Amino acid sequence: MNNESNIQVLQDQIDQLNKEAWNIRVNDSTQSHVLSKKAFLLAEDINYAKGKAEGYRTFAFCLIRLSKHIEALEYSEKSLALFESLNDLDGKSSIYAYFGIIQRSLGNYSASLEYLFKSLELSQQTGNKESESLTCYHIAVTYKYLGEFETALTHLLQSLSISRQNNYWISESYSLNLIGLIYFETGDLSNALDYYHQSLSFRQKAGDKWGEAGCLDNIGIIHFKLKDNSAALDFCSRALSISRAIADKKGEANSLFHLGNIYEQLADFKKASACYNDSLLIRRDIADKKGETEILLFLAGLYLKEDLAEKSQQDIFELLNKALQLGEEMNAPDLLAKIHLGFYTACKHFNRYQEALTHIETHISLSKEIHSDAVNQKIQNLEISYKAEKSRKEAEIYRLKNVELANLYEESNRQKEEIEITLAELRSAQAQLIQSEKMASLGELTAGIAHEIQNPLNFVNNFSEVNKELLTEMNEEIAKGNFDEVKALAKDVTDNEEKIIFHGKRADAIVKGMLQHSRSTNNATKEPTDINALADEYLRLAYHGLRAKDKSFNATMKTDFDESIGKINVIPQDIGRVILNLITNAFYVVDEKKKSPHPLKGGEPYEPTVTVTTKKLGSPSGDGGKVEISVKDNGNGIPQKVMDKIFQPFFTTKPTGKGTGLGLSMSYDIVTKGHGGELKVETKEGEGAEFIIILPNKP
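So in this note's numbering, the last one in the sequence shown is 1281, and the numbering has no gaps at all.
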């Protein structure tokens, strides 16, 4: 066998190793790590570019799984250089996605979105639907980190749609799990549990033990929140067993920590202590300083409980001092605030009032700093999201302009007049799009935030000043030895601190609300869509989103879906945005009517109701007809004098700061220009309004 034949045999062996490593990267990342390394080492020996590129790529994926992000970045960069030399667009797309994941883990959200949108563009260019669905999922993860739940859900639904059409279980299970997490963070435990179970089913069928353990642990946490401790113990224990079997140390530490939470809730403090300590040892072993600090705080709080009174003051303060040391090393204000609150609780428990005073003062000071930083971070996140979307839109406008110019140039000899008209329209559309973005950002990022956030910040400052005076008075009473008075003052300080936290969260909620105004339209194509499922999904999203912001909000939801419709060709995220906007407006008007002094004449009880219906409309021509989607409310209706203005940009009847006036105008453009449909409204003052979408029924 000659040398050329030997090289071909080696290349085939390397290709087979890379194929096997790539196929098992999700189910068995440990073995994938071994195989991919073997592949690229062999490829390096014979300078086989394709073998090195694919080996580095899979190896980088495994390093990301192990949270070794800097090392993963090194191998991703080596892989990208090789894929570029090979002009392998699919390879480049996957590496850009890895860059996006790594940058997100490092807290660089702007860079994360930039790389992920590059990956999405390449996957759409090559028609790689699996890569497109996974990239949409990772874009959603970054938007979730930015606090933009609505935008995250839009990308998740896009990922789910692609995954279900093509039976991609990996991206579908990922998306289901993240939707569950978003519901969990907004307090909707029932829907969170449902989505976690859906994701778990996929992981178990595919043999993805790593993902199965994560889903089981998530389900256990929900049962813990629901005080169903028996089920919580079962799920978290199963997660722990799997994590130990696959040597997932981080997963093992998480499950042990959650088991400690459950045992503490059951008042089995010795088992709780054992679980916390086991988790603590693993956190130290994997150098997870943040996790170690949080467990030290939980242990200190646990040892203050009556059943563990044998633990001395020294034991408790040793834990707190170690936590303080770690918090200062990490320079983490949020952890330091919790640590000083822990010191305050312990000092007060052991009647060390002078030290308690010092720690509560530090805690309050850090809390103010955290609330201020959080608001600034939310504004920065909004700017990051806005800039990423704006850059992408302008690039798409430029691309479309070049395509249109090329087409027009080919027909220039016989269509000169048409060229000039089309080019003028294109330039006008480009200028209008860019100008509307600038106007929206100017109004929404400055005046809106500044106006809306002032009141809660005033409350934070006022209660902080009151606490400052109370602490001065407490210091005087300590000097006098009046400890009963000291305890009373300490309670006042704690009560005020809760008010500071409440208004800080209120400021946070306002900024999250402002984030929704920077929503974007993706470069997407029409696809067969179940319009009934889409309407039902967005009805629930709108309702639970409002409930998460205002627990007092309530309304009756009614649906009447025509099951004969089937699937129609639309851009699901765009039509979903229209439906969501109409439903959100409907909930707003019925809630406003409910809050008015006399909702109904004669003092009759008023039940806020929003009804969503779909209906198939026939057509004499037999072309499939049309589909009607209706969103109806029993609010106060729309005054006739403003009926001709409601679809105009920036027109709103809401109070200042509660609406941009862009929702209905954008919805109108999406339905009429983007889908060739109609958007109309029927209303009767005092009785309600009905918005009707009519779309071509093209399967």
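Everything labelled a hint here was simulated from the structure, so no lab data went into it.
Note that this is a predicted model, so its numbers are computed, not measured.
Glycine residues also receive a C-beta, built at the ideal position from the N, C-alpha and C atoms.
Treat the hints with caution; some may be incorrect.
Here are the simulated SDA-like cross-link-like pairs (lysine to any residue), alpha carbons at most 25 angstroms apart as the crow flies [what the hints assert, rightly or not]:
id : residue 1 : residue 2
1  : Lys1177   : Gly1207
2  : Lys1176   : Glu1272
3  : Lys871    : Ser855
4  : Lys1255   : Lys1177
5  : Lys1197   : Ser1134
6  : Lys809    : Lys787
Distance ranges between label pairs, derived from CB positions [as the list claims (entries may be wrong)]:
id : residue 1 : residue 2 : range
7  : Lys601    : Trp751    : 13 to 23 angstroms
8  : Lys872    : Leu623    : 32 to 42 angstroms
9  : Glu911    : Lys832    : 12 to 22 angstroms
10 : Glu1055   : Ser1178   : 28 to 38 angstroms
11 : Asp672    : Gly883    : 15 to 25 angstroms
12 : Leu886    : Glu1269   : 56 to 66 angstroms
13 : Glu1080   : Gln707    : 52 to 62 angstroms
14 : Gln786    : Lys1262   : 45 to 55 angstroms
Consistency of the hints with the structure:
1. Lys1177 x Gly1207: Not OK: Lys1177 and Gly1207 at ~41 angstroms, beyond 25 angstroms, violated.
2. Lys1176 x Glu1272: holds (18 angstroms)
3. Lys871 x Ser855: Judged against 25 angstroms, a Cα distance of about 19 angstroms means the pair holds.
4. Lys1255 x Lys1177: violated (37 angstroms)
5. Lys1197 x Ser1134: Given pair Lys1197, Ser1134 is violated - Cα atoms ~33 angstroms apart, limit 25 angstroms.
6. Lys809 x Lys787: Measuring from Cα to Cα gives roughly 29 angstroms; hence the hint is violated.
7. Lys601 x Trp751: 13 to 23 angstroms: holds (19 angstroms)
8. Lys872 x Leu623: 32 to 42 angstroms: Roughly 35 angstroms apart at Cβ, these two residues keep to the hinted range, so it holds.
9. Glu911 x Lys832: 12 to 22 angstroms: The hint (12 to 22 angstroms, Cβ to Cβ) holds, given that Glu911 and Lys832 are roughly 20 angstroms apart.
10. Glu1055 x Ser1178: 28 to 38 angstroms: violated (44 angstroms)
11. Asp672 x Gly883: 15 to 25 angstroms: violated (51 angstroms)
12. Leu886 x Glu1269: 56 to 66 angstroms: Given a distance of about 59 angstroms, which is inside 56 to 66 angstroms, the answer is holds.
13. Glu1080 x Gln707: 52 to 62 angstroms: holds (53 angstroms)
14. Gln786 x Lys1262: 45 to 55 angstroms: holds (48 angstroms)
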